[in-house]
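Undergrad: Listed below, chain by chain, are the residues.
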Amino acid sequence: MLKQVQKIASSLLISSFLLGVLTNPVAAFNVPGFPSCVNPQGTQIASYATGIHGIVGSPEDHTGADSVYQIDSETLMQCFCPENGSGIQTNWLKATSFSQDDIDQFKKMGWVFVPSGAAWGLTDDPYMALNSDFSCKSTGNGGGGGSGGASSNSESGSSQGGVISSLGQVLGLAFTGNNYLFYSLPVLGLAFLSLGLILRKLK
Amino acid sequence: MSRLAFSKVFIFLALICFVLTAFLYYQRNNPNRLAFNTNQKLSNSKSEIKENPIAIIIDGINLNLPIIPANITNNNWQTSNIGVSYLSISPKPGETGNSILYGHNWTNLLGNLTKVQPGEKVIIVYPKNNIKNFLVEYTQVVSPNDISVLAQTKDKRITIYTCTGFLDSKRFVVVAKEV
Chain A
1 MLKQVQKIAS
11 SLLISSFLLG
21 VLTNPVAAFN
31 VPGFPSCVNP
41 QGTQIASYAT
51 GIHGIVGSPE
61 DHTGADSVYQ
71 IDSETLMQCF
81 CPENGSGIQT
91 NWLKATSFSQ
101 DDIDQFKKMG
111 WVFVPSGAAW
121 GLTDDPYMAL
131 NSDFSCKSTG
141 NGGGGGSGGA
151 SSNSESGSSQ
161 GGVISSLGQV
171 LGLAFTGNNY
181 LFYSLPVLGL
191 AFLSLGLILR
201 KLK
Chain B
1 MSRLAFSKVF
11 IFLALICFVL
21 TAFLYYQRNN
31 PNRLAFNTNQ
41 KLSNSKSEIK
51 ENPIAIIIDG
61 INLNLPIIPA
71 NITNNNWQTS
81 NIGVSYLSIS
91 PKPGETGNSI
101 LYGHNWTNLL
111 GNLTKVQPGE
121 KVIIVYPKNN
131 IKNFLVEYTQ
141 VVSPNDISVL
151 AQTKDKRITI
161 YTCTGFLDSK
171 RFVVVAKEV
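As you go down the protein sequences, you meet chains A and B in turn. Heads up, the first sequence is in the working numbering, so the first residue is 1 and it goes up one at a time. Heads up, the second sequence is in the working numbering, so the first residue is 1 and it goes up one at a time.
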């Protein structure tokens, strides 16, 4: 009985750790990092203050502001900001050299395979695309405008002498936001301990 | 036998709770959690405003907190338990560039930041009641690896961030521009 319960408890513990790992899937290959639409990087290659735009993976048309930034030769980002403020960031990754296995792996992570970027105003190459959400105040100048508006050649400049200039990782703020959890855990522990000791002493 | 078994189970669960509490406490106070990659080339921005900001107000979420200047010492990002940290090497709020403000997602700090919506007003208070007004332009949940949100800009903006998501695995970022 005890062994079974311990097995269950251990399984739960291990599962929760695995859950943490699985929610951040690690690919067998490197997925390049993409900037955020709150501060786009790279060179702006398209900007529409308004209009009807397509979002990859979404069958309907979307109306709003749209900007596209070329990050490097292989990656682009699209920042779409509709009038209701529910923005969509689309990360584009050129898939010219991808094998079918690579494409399948990306698909498992939520990416959409686009056989040709030509229909999307990009080069006639295969692409992988991934959407994510952001919120924006629709101002009619495109999603990000990281350098004071959506002017062409806008580079908000990860190398502009400021806080950071190269790759790195923002390690997290303390995992402590939930005060209820933080204070209830030791209370729960004490309760369990008391119960355990009481049961042990009972005759 | 059964009673003894249950006793052991409860003691085992108690042990798990205490271990998790210790883990949470460690996470809560670990300054390294705020650090960037150690091999960063950091530089100070040239500041025209002499005084540091002293408070941040976001009426929409009933937030009124002191601002505490923070430095990076031995790759540890200073944090505050009583207010919002302002990264001193970033431009001061209201200056050209990207001013970085950050804080724990504790209830008494930036726990409600995730409720902020674009269009909301953010007030940065300087000494002598000088204020700078900002309007929230964007919010987004980003990966901790996405340091682009901290990159410098040519506009006048503040970037406020805190933790969110499962096991604080993501960052909730608010970008507001001066009006």
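Since the hints were made in silico from the structure, they are not lab data. All of these numbers come straight from a predicted model, not from anything done at the bench. Treat the hints with care, since some could be wrong.
What the hints assert, rightly or not - PhoX-like mimics (lysine-lysine), calculated; alpha carbons at most 25 Å apart, straight line: (1) Lys137/A with Lys170/B; (2) Lys201/A with Lys132/B; (3) Lys50/B with Lys107/A; (4) Lys8/B with Lys137/A; (5) Lys132/B with Lys137/A; (6) Lys137/A with Lys50/B; (7) Lys128/B with Lys177/B; (8) Lys121/B with Lys137/A; (9) Lys137/A with Lys128/B; (10) Lys170/B with Lys50/B; (11) Lys156/B with Lys137/A; (12) Lys154/B with Lys108/A; (13) Lys115/B with Lys156/B; (14) Lys177/B with Lys154/B; (15) Lys115/B with Lys50/B; (16) Lys177/B with Lys121/B.
Stated by the list, open to error - Quick list of simulated restraints, FRET-style, between CB atoms: (17) Ala55/B with Gly110/A: 53 to 61 Å; (18) Val31/A with Tyr26/B: 28 to 36 Å; (19) Gly51/A with Thr107/B: 20 to 28 Å; (20) Ile123/B with Ile198/A: 40 to 48 Å; (21) Ser116/A with Tyr26/B: 35 to 43 Å.
To be verified - Part of the chain B face toward chain A, derived, beta carbon under 7 Å: (22) Phe10; (23) Ile11; (24) Leu13; (25) Ala14; (26) Cys17; (27) Phe18; (28) Ala22; (29) Thr114; (30) Pro118; (31) Glu120; (32) Lys121; (33) Ile123; (34) Asn133; (35) Thr139; (36) Gln140; (37) Phe172.
All residues carry an ideal CB built from backbone N, CA and C; glycine is no exception.
Undergrad: Would you mind marking each hint as holding or not holding in the structure?
TA: Right, here's what the structure says about each hint:
{"no.": "1", "hint": "Lys137/A with Lys170/B", "verdict": "holds, 22 Å"}
{"no.": "2", "hint": "Lys201/A with Lys132/B", "verdict": "violated, 65 Å"}
{"no.": "3", "hint": "Lys50/B with Lys107/A", "verdict": "violated, 51 Å"}
{"no.": "4", "hint": "Lys8/B with Lys137/A", "verdict": "violated, 56 Å"}
{"no.": "5", "hint": "Lys132/B with Lys137/A", "verdict": "holds, 19 Å"}
{"no.": "6", "hint": "Lys137/A with Lys50/B", "verdict": "violated, 31 Å"}
{"no.": "7", "hint": "Lys128/B with Lys177/B", "verdict": "holds, 22 Å"}
{"no.": "8", "hint": "Lys121/B with Lys137/A", "verdict": "holds, 12 Å"}
{"no.": "9", "hint": "Lys137/A with Lys128/B", "verdict": "violated, 31 Å"}
{"no.": "10", "hint": "Lys170/B with Lys50/B", "verdict": "violated, 34 Å"}
{"no.": "11", "hint": "Lys156/B with Lys137/A", "verdict": "holds, 16 Å"}
{"no.": "12", "hint": "Lys154/B with Lys108/A", "verdict": "violated, 38 Å"}
{"no.": "13", "hint": "Lys115/B with Lys156/B", "verdict": "holds, 23 Å"}
{"no.": "14", "hint": "Lys177/B with Lys154/B", "verdict": "holds, 11 Å"}
{"no.": "15", "hint": "Lys115/B with Lys50/B", "verdict": "violated, 32 Å"}
{"no.": "16", "hint": "Lys177/B with Lys121/B", "verdict": "holds, 10 Å"}
{"no.": "17", "hint": "Ala55/B with Gly110/A: 53 to 61 Å", "verdict": "violated, 41 Å"}
{"no.": "18", "hint": "Val31/A with Tyr26/B: 28 to 36 Å", "verdict": "holds, 30 Å"}
{"no.": "19", "hint": "Gly51/A with Thr107/B: 20 to 28 Å", "verdict": "violated, 43 Å"}
{"no.": "20", "hint": "Ile123/B with Ile198/A: 40 to 48 Å", "verdict": "violated, 54 Å"}
{"no.": "21", "hint": "Ser116/A with Tyr26/B: 35 to 43 Å", "verdict": "violated, 51 Å"}
{"no.": "22", "hint": "Phe10", "verdict": "holds, 3 Å"}
{"no.": "23", "hint": "Ile11", "verdict": "holds, 4 Å"}
{"no.": "24", "hint": "Leu13", "verdict": "holds, 4 Å"}
{"no.": "25", "hint": "Ala14", "verdict": "holds, 4 Å"}
{"no.": "26", "hint": "Cys17", "verdict": "holds, 3 Å"}
{"no.": "27", "hint": "Phe18", "verdict": "holds, 5 Å"}
{"no.": "28", "hint": "Ala22", "verdict": "violated, 9 Å"}
{"no.": "29", "hint": "Thr114", "verdict": "violated, 10 Å"}
{"no.": "30", "hint": "Pro118", "verdict": "holds, 4 Å"}
{"no.": "31", "hint": "Glu120", "verdict": "violated, 9 Å"}
{"no.": "32", "hint": "Lys121", "verdict": "violated, 12 Å"}
{"no.": "33", "hint": "Ile123", "verdict": "violated, 17 Å"}
{"no.": "34", "hint": "Asn133", "verdict": "violated, 14 Å"}
{"no.": "35", "hint": "Thr139", "verdict": "holds, 4 Å"}
{"no.": "36", "hint": "Gln140", "verdict": "holds, 4 Å"}
{"no.": "37", "hint": "Phe172", "verdict": "violated, 10 Å"}
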